[in-house]
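Modelling step: build the complete structure from the supplied sequences, incorporating the hints.
Residue numbers (my numbering), protein chains in the order written: chain D, 1 to 366; chain S, 367 to 732; chain R, 733 to 1098; chain G, 1099 to 1464.
Covered stretches of chain G (chain R as the covering partner; in silico rule of three or more C-beta atoms under 8 angstroms from a C-beta of chain R):
#	segment
1	1306 to 1317
2	1352 to 1360
3	1367 to 1378
4	1411 to 1420
Calculated from the model, a selection of chain R residues having no Cβ within reach of chain S, i.e. all distances over 12 angstroms:
#	residue
5	E911
6	G937
7	R1001
If you are wondering where the hints come from, they were derived from the structure by calculation, not from laboratory data.
None of these values were measured; they are calculated from a predicted model.
Built from N, CA and C at the ideal position, the CB exists for glycine as well.
4 protein chains.
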Amino acid sequence: MAGNSFGTLLRITTWGESHGPAIGAVVDGVPSRLPLSEADIQPFLDRRRPGQSRFTTQRQESDQVRILSGVFEGRTTGTPIQLLIENQDQRSKDYGEIAERFRPGHADYTYWMKYGIRDYRGGGRSSARETAARVAAGAVARVILARSAPGNAIRIRGALVQLGPHPIDRSRWDWAEVERNPLFCPDPGSVGLWSDFLDGVRRSGSSIGAVVELVAENVPPGLGDPVYGKLDADLAAALMGINAVKGVEIGDGFAVAALSGEDNADEMRARPGGGVDFLSNHAGGILGGISSGQDIVARFAVKPTSSILTPRRTIDIHGHDTEIVTKGRHDPCVGIRAVPVGEAMMACVLADHLLRHRANAGLVPL
Amino acid sequence: MAGNSFGTLLRITTWGESHGPAIGAVVDGVPSRLPLSEADIQPFLDRRRPGQSRFTTQRQESDQVRILSGVFEGRTTGTPIQLLIENQDQRSKDYGEIAERFRPGHADYTYWMKYGIRDYRGGGRSSARETAARVAAGAVARVILARSAPGNAIRIRGALVQLGPHPIDRSRWDWAEVERNPLFCPDPGSVGLWSDFLDGVRRSGSSIGAVVELVAENVPPGLGDPVYGKLDADLAAALMGINAVKGVEIGDGFAVAALSGEDNADEMRARPGGGVDFLSNHAGGILGGISSGQDIVARFAVKPTSSILTPRRTIDIHGHDTEIVTKGRHDPCVGIRAVPVGEAMMACVLADHLLRHRANAGLVPL
Amino acid sequence: MAGNSFGTLLRITTWGESHGPAIGAVVDGVPSRLPLSEADIQPFLDRRRPGQSRFTTQRQESDQVRILSGVFEGRTTGTPIQLLIENQDQRSKDYGEIAERFRPGHADYTYWMKYGIRDYRGGGRSSARETAARVAAGAVARVILARSAPGNAIRIRGALVQLGPHPIDRSRWDWAEVERNPLFCPDPGSVGLWSDFLDGVRRSGSSIGAVVELVAENVPPGLGDPVYGKLDADLAAALMGINAVKGVEIGDGFAVAALSGEDNADEMRARPGGGVDFLSNHAGGILGGISSGQDIVARFAVKPTSSILTPRRTIDIHGHDTEIVTKGRHDPCVGIRAVPVGEAMMACVLADHLLRHRANAGLVPL
Amino acid sequence: MAGNSFGTLLRITTWGESHGPAIGAVVDGVPSRLPLSEADIQPFLDRRRPGQSRFTTQRQESDQVRILSGVFEGRTTGTPIQLLIENQDQRSKDYGEIAERFRPGHADYTYWMKYGIRDYRGGGRSSARETAARVAAGAVARVILARSAPGNAIRIRGALVQLGPHPIDRSRWDWAEVERNPLFCPDPGSVGLWSDFLDGVRRSGSSIGAVVELVAENVPPGLGDPVYGKLDADLAAALMGINAVKGVEIGDGFAVAALSGEDNADEMRARPGGGVDFLSNHAGGILGGISSGQDIVARFAVKPTSSILTPRRTIDIHGHDTEIVTKGRHDPCVGIRAVPVGEAMMACVLADHLLRHRANAGLVPL
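Right, dumping it as structure tokens:
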């Protein structure tokens, strides 16, 4: 399958380069008659938008989304929804230096090796700018999720749980705090430390990695299509496919390696009135690739931006040794803006599986 | 897409339950005229086969594979290759106890919630037995990889790098050692410790997690289909979809969170005579979702088996509180036999991307 | 996508060659808890089975199907269903002559050009024998269709409406007659003529074409996924993909070219008590790629078998001019046994779209 | 799969409604470094554009295409190509009457039944306007086909071979004539008759059907992916999925029903210097679902437009009996403008299969 689409019944196709006229997403498979307007999408784009604090790139983009199709009189029609975002601040002059040199750790080199041509302006298609289209699509997916259960719909939230070497103190986790600081930090006690640390990174023209955590609440049991369309496998692909991500965990993640079967077992008790209570959630809400009804918990690690001021040894497109310094506007920590991107990818995966589950469930009454 | 297939041009479909008459895989999209016989597949199945040491389940399966289609006079014909493995040792009596109770941490519960019916014998479709079909398919994928470059073909190897709380000492890594001990341990200095530790786990009827590392050598640059068919995204899905896996890393994985851009940059030097030398491999051989030509390094974490002798609190299918103890034959550490399974999944993903790359490359001479 | 699968949510993968040990189909995506056993499948295979009259090949195959997976205690589990049919009568000696010569009008030549290798025994994968796997899969699809509406489930029937130059008289159409004669002819008045005609064809070692018509009743409105997953487009692919088919029509088919808009309009009247009555069915039950609730009517044309006794000029695999005469056992009219195959393909397409429709419908109450 | 995409390696996704702000296509999977600009696409859109003669709708659309992504410095980059066409002449007042009534023979009713909502303005997504996006995508596919063989690239042409009850005289076929008359008629002797006939249809506010024939030359042998990705099956889906199409034929099509095996056999002779000459082309260039190297010949039948001035009985969205007369601008014969649309669909299918074939061919030298 050509590589710029994902999802089975809810199918997202994104297009566009950092410095082209526009970027966008086609969202196909949205059930009809759901209320949808730009106002449902814009707030999520605004969360991801650059230039909102000193901790993100100073590129100025209003990221105004336009719905070009698939909506009639305020409701979805079941036809593909084209979401278009114009590029505005494309100072191409900033990027002249990287036209012929590869930034170590960047996709510059591999795009060149694969395609033999490269839109070097701002990273072209490999730019983090592409993630705006993901966020727009994710907002549409959330409209589907909002219908998953009356009064108890699926909710997805994300936060930064580690910035560079500094993890949060989980005992202080406060979801409300995430919206109060520009770092999506859920730990009020870490915000100051992180801000100071990141100021240092920024001033030295360096960059730093991070870890993002996502939580989906109210996910009904039964989502996931084993054994190769497992919910966790689809989440892993969706999150690993975000720019700069190098690791994905579900639930306890790599910590399970050190666990015994006794410790790892999420014991169960019947809930008075029906349903089940789990006494722990090492599994992160997914067992055998299928949602259990517990919160789905996923984490992903984001590497530091490769655009830094310290010279690095590299080669140019002619195969000669050289050095590179990346000036221009860049995020000192792309992990920050990866929070809304991760949420969007999780929303797309869950909405797709929700639709897939509906297809197969209930042909015979339970 | 129905969930028991994966891959685009090389497409694997597996079928079968732990205690049905047989399991198998259909491998579609294999180029024609490649030499193939059961002898190319059996050694890989033998590596995964249970009952070979005291550290794996004592279920006795010869795991003899039969090619039912797609091969004519010793060569592939381009038509689908059906690989069939009969089940032999299906002591169903061992599993009577779990017919109505859910093992905490196991897919028992989620299959029941999704499907309303469950082949509880040996875990049915969610059994690790399904991975034999993956290994058989992976062996066919290796036949494709063997053609990737004359004398320099892609090679995939795996090893266990952590058993429970005990990681290997990487300074002692020896690939030859992996084939000498039943734990796929590359560190001669860890084998004794691990054996003793695992004996303790086994004798107490407990289980333990592990971490597997995979390395693919000689992968040409250019494999991967950004931005949603990225090579690392497809690897993440393939590895996360293996039974009991809870985390996947590429290259430095979660450690990148603490890295600076300077440290993370894999600097490059022109190689005399052509090509490029990277001075490090934090990226694990993948940049922007495309292979760079460096070794591809991936790791995945495997949780402990949920089948243990210590009673755990659970519910039954009627919604009543109860306890469960899982007797019968089980792996104390499923992570061990996950090594050949992980290799197979990586082989399938790389072979698929190799074919996809061929479709798109070279229409215009570079 | 590799070419031996079709369907989106109900996904069929077939495998196997005419003279290999077995053929089969994996049916993935079947909802769980549907009653299913070999007895639900065998009658459809028996209808297609060769050697039942003098009008079909005398190859003797019992075509006994075995379910190897996906069914537990008589009900589907939601996991893939492997259907296996062993080949029994593989008189390979009959086919020695065609090993190096291409039958004009047969896939011999194109398989050779595409794959550079060819299992020439009985046509290998391009043999009509592959259609047994389609029929088996179609029987499983019918089990899904049987649940489409209580007491009013989707029903699919087919008939031969033209044999060589002899069309039926539609005024005498009798579905019961289809089951009474070996030609699937719905017109009692044509059976004698057709039998005599076909005896002549058979005795002269020739072959002849035919037209098959399929009717699906009780299809609910709303199936079909415009604009590239249209119900008629998927039916067209499914029917054109049957061996030897060269044309497909929906409703009036090619006759619409000569119709005016007035004549083509299927006028509508409100049905007392709800629903709609159409006053004609030129559309064949599909408008804009979506089922209208009327009977779905499709036809397909089957060419004459290329295996005939009259010498034809051809070349051999070495590129030399030669002639070929095809002895051995062959159907004088493959169109006859295409009737159950066409029904099966239609069943698979409708069941897939039924599931797809369920995914998207009803998220908001109408 | 969500329904607004088609193709495997060359993947087309279209979006947009007749009276929305724009329509477009995302073309993904185009190999990199191919020269491409709007000038390669516009001529094909101009051929399909309405309002160019009195025989097509008088809606005025300049159909100017813009490439928003995937092209850098005049060459493709391997990333998705977004083609955008703004809608200009959207006289919505013309369509007020059909907002609540269903045109018999139109998708009005089925969209309503499937989606419960309908963008009735100009037919919304089911409008023939959507085919402009297909034509734009087809022009990109032709750029791939142009690379299929140096000096001997695949060429696709189409013509109208029947208008209403009037077929052409094939003995007078002249490809140059197709470009000289507004009816895409290849028979100079039919143009006058057809024009007079169509004037009568138009003046009476009626409409009429037609048959289109497509021919692809220089197609190499080996394209097609049996047995469910057959080239003819994919063509059948692509052509049946064009608005108003009710039948598809390959080669002799339905006429094969009356042929004997002797007559149907396309005999072969070795070509001096290599290759093969076929003595006839009943097969239309496809055998066993794979191209033979002969011209690929396909035909499709287009029904008359359902928008006519004569009142037809119908119901409204409230389920009441009523009548409908469709005023406004409509094509008296949508079959005419279906010629460039059919060519585009064939180009997309062939380009996709060309890429798929490249993936699988040549891993072992022939």
